[in-house]
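Enquirer: With the sequences and hints as input, model every part of the structure.
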Amino acid sequence: MQQVQAVVALGKGQPVTLTTINIPDPGPGEAVVKIQACGVCHTDLHYREGGINDDFPFLLGHEAAGVVESVGDGVTDLVPGDFVVLNWRAVCGECRACKRGEAQYCFNTHNAKQKMTLAEDGRELSPALGIGAFAEKTLVAAGQCTKVDPQARAAAVGLLGCGVMAGIGAAINTGAVTRGKSVAVIGCGGVGVAAIAGSALAGASPIIAVDIDPKKLAKAKEMGATHTVDSSQVDAVEEIKRISAETYPGADGADVVIEAVGRPETWKQAFYARDLAGTVVLVGVPTPDMSVPEIPLIDVFGRGGSLKSSWYGDCLPSRDFPMLVDLYQQGRLDLDAFVTEEIGIGDIEAAFEKMHHGDVLRSVVVF
Numbered sequence: 001m002q003q004v005q006a007v008v009a010l011g012k013g014q015p016v017t018l019t020t021i022n023i024p025d026p027g028p029g030e031a032v033v034k035i036q037a038c039g040v041c042h043t044d045l046h047y048r049e050g051g052i053n054d055d056f057p058f059l060l061g062h063e064a065a066g067v068v069e070s071v072g073d074g075v076t077d078l079v080p081g082d083f084v085v086l087n088w089r090a091v092c093g094e095c096r097a098c099k100r101g102e103a104q105y106c107f108n109t110h111n112a113k114q115k116m117t118l119a120e121d122g123r124e125l126s127p128a129l130g131i132g133a134f135a136e137k138t139l140v141a142a143g144q145c146t147k148v149d150p151q152a153r154a155a156a157v158g159l160l161g162c163g164v165m166a167g168i169g170a171a172i173n174t175g176a177v178t179r180g181k182s183v184a185v186i187g188c189g190g191v192g193v194a195a196i197a198g199s200a201l202a203g204a205s206p207i208i209a210v211d212i213d214p215k216k217l218a219k220a221k222e223m224g225a226t227h228t229v230d231s232s233q234v235d236a237v238e239e240i241k242r243i244s245a246e247t248y249p250g251a252d253g254a255d256v257v258i259e260a261v262g263r264p265e266t267w268k269q270a271f272y273a274r275d276l277a278g279t280v281v282l283v284g285v286p287t288p289d290m291s292v293p294e295i296p297l298i299d300v301f302g303r304g305g306s307l308k309s310s311w312y313g314d315c316l317p318s319r320d321f322p323m324l325v326d327l328y329q330q331g332r333l334d335l336d337a338f339v340t341e342e343i344g345i346g347d348i349e350a351a352f353e354k355m356h357h358g359d360v361l362r363s364v365v366v367f
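FYI, the numbering used here numbers position 329 of the sequence shown as 329, with every residue one higher than the one before it.
Since the hints were made in silico from the structure, they are not lab data. A quick note: this is a predicted structure, and the numbers were derived from the prediction, not measured. Do not rely on the hints blindly, as some may be mistaken.
BS3-like mimics (lysine-lysine), calculated; alpha carbons at most 30 Å apart, straight line [claimed, not checked]:
| hint | residue 1 | residue 2 |
| --- | --- | --- |
| 1 | Lys308 | Lys215 |
| 2 | Lys99 | Lys308 |
| 3 | Lys147 | Lys99 |
| 4 | Lys99 | Lys113 |
| 5 | Lys34 | Lys115 |
| 6 | Lys268 | Lys354 |
| 7 | Lys215 | Lys354 |
| 8 | Lys99 | Lys12 |
| 9 | Lys215 | Lys268 |
Expert: Given below as structure tokens:
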């Protein structure tokens, strides 16, 4: 066992605390990873606010990259010194999804079995998304470690651990965006902008960014949006239809509409902004009290197409992370653009505040 510094949420709504935690030596199937960088994601704030569950204290942080320090018995595909991006989809290989060759839908993803604890009183910690990477080191299941090019910048590629992968995957994996398709993205925070980057990578056009914040729309344009729509000023559905028809005469909306907000009203916009037989992808995370908005069932039937939700961009880390890191290294995917600032481990509360005001795509803790 060893002790390290880490950021913990001790109670609902309380400011986070920098404290000492205990990291067990890795057991069978586990690994200890020395963290190099970890992004500050909105999900971490959800944990702190009690929006996920009440299993306090939480060890926050999950968008991380680092170096494997040690591994437990039975781990054969990792060795100390491997540079890895951490993920929360360590697939089991045994469930129905895995056995039918669709491990990206694994029903039984797993985490480390041992618990990290608070040094002061031994209380067990609940690691965010089974990772807990606002820490100098963390304990994870070996399957949560994906080896990537060790020359890559940790602060950038670590973001594949959650938000950036969720957005890129919502476009490419869930939405099946390709050349010749039009795309609209509603909500241009970190995940939405990543969906725009993924759509651009796939060769889609037009790519229509929708938001009410001019700063976010400007960033969307930088990341590949061909058009921007300020939905506080115009009807977003009508604008998406108009822009789509300019490129594809006769189109009645975009082929794929990605909702990256997670609210009933924006999901309803996405539903009506897609072309006939088009696809809606919900990647924004709703709160438990939200419901699907009232839409006449005949409209669901009459418009055809697909209504999908996207968990983690339907990604398979072992397949998608190395590919996207390679594209980043080739200069074809600008992951650096998602890193608004690099901060220290003591600056996370300030980063939460900047997130509230929409001032950052990602603040990244660098160790």
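Enquirer: For every hint, state whether the structure bears it out.
Expert: How the hints compare with the structure:
1. At most 30 Å may separate the alpha-carbon atoms for a hinted pair to count; Lys308 and Lys215 meet this at roughly 28 Å.
2. Restraint check for Lys99 and Lys308: the C-alpha separation of about 22 Å stays at or below 30 Å, so the hint holds.
3. For the hint linking Lys147 to Lys99, the alpha-carbon distance of about 23 Å falls within 30 Å, and the restraint holds.
4. Simply put, Lys99 and Lys113 have alpha-carbon atoms about 23 Å apart, close enough for the 30 Å limit, and the pair holds.
5. This hinted pair checks out: Lys34 and Lys115 have alpha carbons roughly 17 Å apart, not beyond 30 Å.
6. Annotation: proposed proximity of Lys268 to Lys354 holds, straight-line Cα distance about 29 Å (limit 30 Å).
7. Between the alpha carbons of Lys215 and Lys354 the distance comes to roughly 13 Å, so the proposed pair stays at or under 30 Å and holds.
8. A threshold of 30 Å between alpha carbons decides the hint, and for Lys99 with Lys12 the separation of about 40 Å lies outside it, so the pair is violated.
9. Restraint check for Lys215 and Lys268: satisfied, since their Cα atoms lie roughly 24 Å apart, inside the 30 Å limit.
Violated hints amount to a single one, hint 8; each of the other numbered hints is respected by the structure.
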